[in-house]
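Colleague: Construct all of the structure, not just a fragment, from the sequences and the given hints.
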Amino acid sequence: MSLPGRRDTGAPAAVTTGPPGREAWKNGRTGSAPGQGAAESQVDPGAEALRAAAAAIDWYHTIDLGHGVVTEGLVDHRPQLDSYHLPESLRGMRCLDVASMDGFWSFELERRGADEVVAIDVARRSDLDLPYGVREEIIRSGQDGPATAGFEFAHRALESKVDKKIVSVYELSPERVGQFDLVFLSDLLLHLRDPQTALDHVRSVCRGVAYVADVCHPDLETGDSTCLAEYPTWVPGEYVWWRMNANTIGSMLLEAGFDTVDELSRFRLNVPGAKPESLPAKVVFRASVGSAARSAGSRPMQAVR
Amino acid sequence: MSGPRRERWLGFGPVKIGISLPFAVDRRVFRSSSRPVAIAIPAEASEPLPARRPAPSELDRADRPLRDRVGAVRWFDSIDVGDGVVTPGVVDRRRHVEAYDIPPQLTGKRCLEVTAHDGFWSFEMERRHASAVVSAGLPNGPDAAFAIAREALGSSVARERISVLDLSPELTGTFDLVVVDGLLGVVRDPQRVLDRVRSVCRGSIRVIEAFDPSLEGYGEACLAGYRRAHGGSWSMNVNTIAQMLRVAGFARVTELARIFDAARSGRTEVVLGAEPDESERMLEPSKRLIEIR
Chain S
417 MSLPGRRDTG APAAVTTGPP GREAWKNGRT GSAPGQGAAE SQVDPGAEAL RAAAAAIDWY
477 HTIDLGHGVV TEGLVDHRPQ LDSYHLPESL RGMRCLDVAS MDGFWSFELE RRGADEVVAI
537 DVARRSDLDL PYGVREEIIR SGQDGPATAG FEFAHRALES KVDKKIVSVY ELSPERVGQF
597 DLVFLSDLLL HLRDPQTALD HVRSVCRGVA YVADVCHPDL ETGDSTCLAE YPTWVPGEYV
657 WWRMNANTIG SMLLEAGFDT VDELSRFRLN VPGAKPESLP AKVVFRASVG SAARSAGSRP
717 MQAVR
Chain A
567 MSGPRRERWL GFGPVKIGIS LPFAVDRRVF RSSSRPVAIA IPAEASEPLP ARRPAPSELD
627 RADRPLRDRV GAVRWFDSID VGDGVVTPGV VDRRRHVEAY DIPPQLTGKR CLEVTAHDGF
687 WSFEMERRHA SAVVSAGLPN GPDAAFAIAR EALGSSVARE RISVLDLSPE LTGTFDLVVV
747 DGLLGVVRDP QRVLDRVRSV CRGSIRVIEA FDPSLEGYGE ACLAGYRRAH GGSWSMNVNT
807 IAQMLRVAGF ARVTELARIF DAARSGRTEV VLGAEPDESE RMLEPSKRLI EIR
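The listed protein sequences derive, respectively, from chains S and A. Here our numbering = 1-based position in the first sequence + 416. Here our numbering = 1-based position in the second sequence + 566.
There's no promise every hint is true.
Short, incomplete list of chain A residues facing chain S, as computed with Cβ under 10 Å [stated by the list, open to error]:
1) Phe642
2) Gly751
3) Arg754
4) Leu760
5) Arg764
6) Ser765
7) Leu781
8) Cys788
9) Gly791
10) Arg794
11) Met802
12) Gln809
13) Met810
14) Ala814
Treat the hints as calculated values from the structure; they're not laboratory data. Yeah, the Cβ is synthetic: ideal placement off N, Cα and C, and Gly gets one too.
Modeller: Quick look at the structure:
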């Protein structure tokens with residue numbers, strides 16, 4: 417794929433380049449007639465082409481691609497980065513982004529100076545954990561397609577060196593991908609039929625710390641150590657297997673073999689345009705192995721209601 | 567097939583992985599089509615073991631008295647193997663055997679017992695004239711007790727050492743009746759077990775499974791407790807087990823009985839019956855696209 421943003425299209429620039437962010441993106445998308453822009457002289461000739469090409473993709477992640485172009489993702493993690501408590505500098509570290517989707521977290525790890533970032537994801541929709549018969553039906557009816565829409569596009573736009581591999585979380589092993597100083601996993605466990613086995617595989621490739629940030633279920637918080645989960649009925653278009661409370665996720669990390677598990681934060685996921693009451697609650701854990709296992713900066717649990 | 571059932575399988579629209587919207591889901595009511603039977607099994611001593619255990623070398627000798635051979639191995643199932651001998655199992659399904667709603671006549675039926683311990687259900691289905699019975703034991707599980715019972719009963723039940731996760735129509739064929747007893751609560755991925763069972767079930771299924779009474783009474787909610795001390799398995803409420811059957815592609819899920827077993831530390835079990843949903847499970851593609859934004 418040739419990335420429009422990286423070549424000179426020679427087309428007349430029609431849109432002014434605003435500051436990075438959602439508003440700039442929206443303004444660009446709606447477009448203004450040539451000559452209407454107040455700052456034509458500041459036009460970035462690549463920005464409009466990049467914006468147009470990005471607009472053709474159904475983004476999950478909101479990613480700042482540069483040139484003032486920000487993808488219109490379903491979720492925007494950018495305002496909530498601090499809640500994940502990632503190290504400011506990842507220099508000297510080999511990092512893994514599990515189930516990378518459009519790659520927001522991969523590029524963030526890279527931005528923080530990681531020596532190497534590997535992103536893994538499944539290749540096709542039919543490779544997801546699907547209910548009985550649905551996989552066959554998706555393939556038969558021609559609805560199968562790439563699981564990720566925007567990773568490659570963003571990868572080129574950012575001139576990223578992230579190494580993307582087609583590997584399922586269930587296939588992670590030191591033999592397959594090596595080991596990592598930092599493993600990042602976000603919003604994945606709820607879509608897995610067997611989250612415990614998945615975390616076992618995550619543990620097998622972690623030689624340092626794992627940041628596990630997943631959707632949790634505030635209604636199942638009991639105030640004690642009870643591990644509860646809800647087995648949901650299916651909502652059309654989404655495949656959620658388990659809605660777990662925070663204790664369950666933490667216990668699964670311990671069962672997977674991490675030496676210490678610290679809860680770092682709880683918050684509501686930022687989904688632009690969604691009703692506040694429908695925003696999923698999230699919990700962030702830091703699980704550590706071996707010498708990295710020291711209970712540093714553990715924060716008290718916070719209720720999310 | 568009902569309307570709501572179809573909606574559940576509305577399929578693969580613009581799937582947004584990594585998010586669950588809305589948080590409040592349309593929970594499905596689990597209703598029994600018939601009034602379940604409540605059964606209380608009192609604690610009582612099982613049959614006493616013989617005073618002397620024969621040496622293992624003596625076990626295979628067919629001329630040993632049946633009672634001695636039975637007494638020389640550990641039993642999970644209590645099975646009446648004839649000559650007045652009942653194996654001293656930890657589970658006695660003989661009592662209230664009618665509660666499991668196994669048809670009295672299985673003539674012409676091909677039947678499967680999944681993860682059979684000592685084969686109680688296999689022999690029971692054979693006794694009811696099933697034309698063929700497969701007893702799927704654990705790949706590395708003990709077979710000695712099953713072999714003794716099979717010989718004593720003159721049974722022709724076929725014992726297969728096969729993982730439930732390997733069940734497939736190609737490997738095992740399909741079955742008119744499948745019994746799954748006490749398996750879902752000891753595995754990490756019970757849904758996968760039911761998916762595999764569904765793939766070989768062409769008639770009906772009986773699921774006998776422990777449920778967590780502390781998670782009952784919360785309306786329609788499908789709840790499960792994560793059990794780290796039990797290898798990461800789930801202690802489920804009845805709604806969850808029933809829902810898993812539906813997700814696996816079974817319909818007409820019916821609660822047949824609940825069992826309180828004082829002899830097994832007050833274990834509570836539910837008996838569910840269901841049949842494969844053979845109707846078309848998804849609408850045509852154009853109607854399947856659902857926007858969730």
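Colleague: Each hint should be assessed against the structure and marked as holding or not.
Modeller: Status of the hints after comparison with the structure:
1. Phe642: Violated - the Cβ of Phe642 of chain A stays beyond 10 Å from chain S, reaching only about 26 Å at its closest.
2. Gly751: Result: violated, 13 Å to nearest chain S Cβ.
3. Arg754: Cβ of Arg754 of chain A sits 5 Å from chain S, so the hint holds.
4. Leu760: Given a least distance of 8 Å, the restraint on Leu760 of chain A holds.
5. Arg764: Holds, about 6 Å.
6. Ser765: 8 Å, holds
7. Leu781: Result: holds, 8 Å to nearest chain S Cβ.
8. Cys788: Nearest chain S Cβ about 4 Å off; hint holds.
9. Gly791: OK, holds: Gly791 of chain A within 10 Å of chain S, min 6 Å.
10. Arg794: Since the shortest Cβ distance to chain S is 5 Å, the answer is holds.
11. Met802: Holds. Min distance 7 Å.
12. Gln809: 6 Å, holds
13. Met810: 7 Å, holds
14. Ala814: It holds, given that the least Cβ distance between Ala814 of chain A and chain S is near 5 Å, below 10 Å.
In the structure shown, a violation is registered for the earlier hints numbered 1 and 2, in ascending order.
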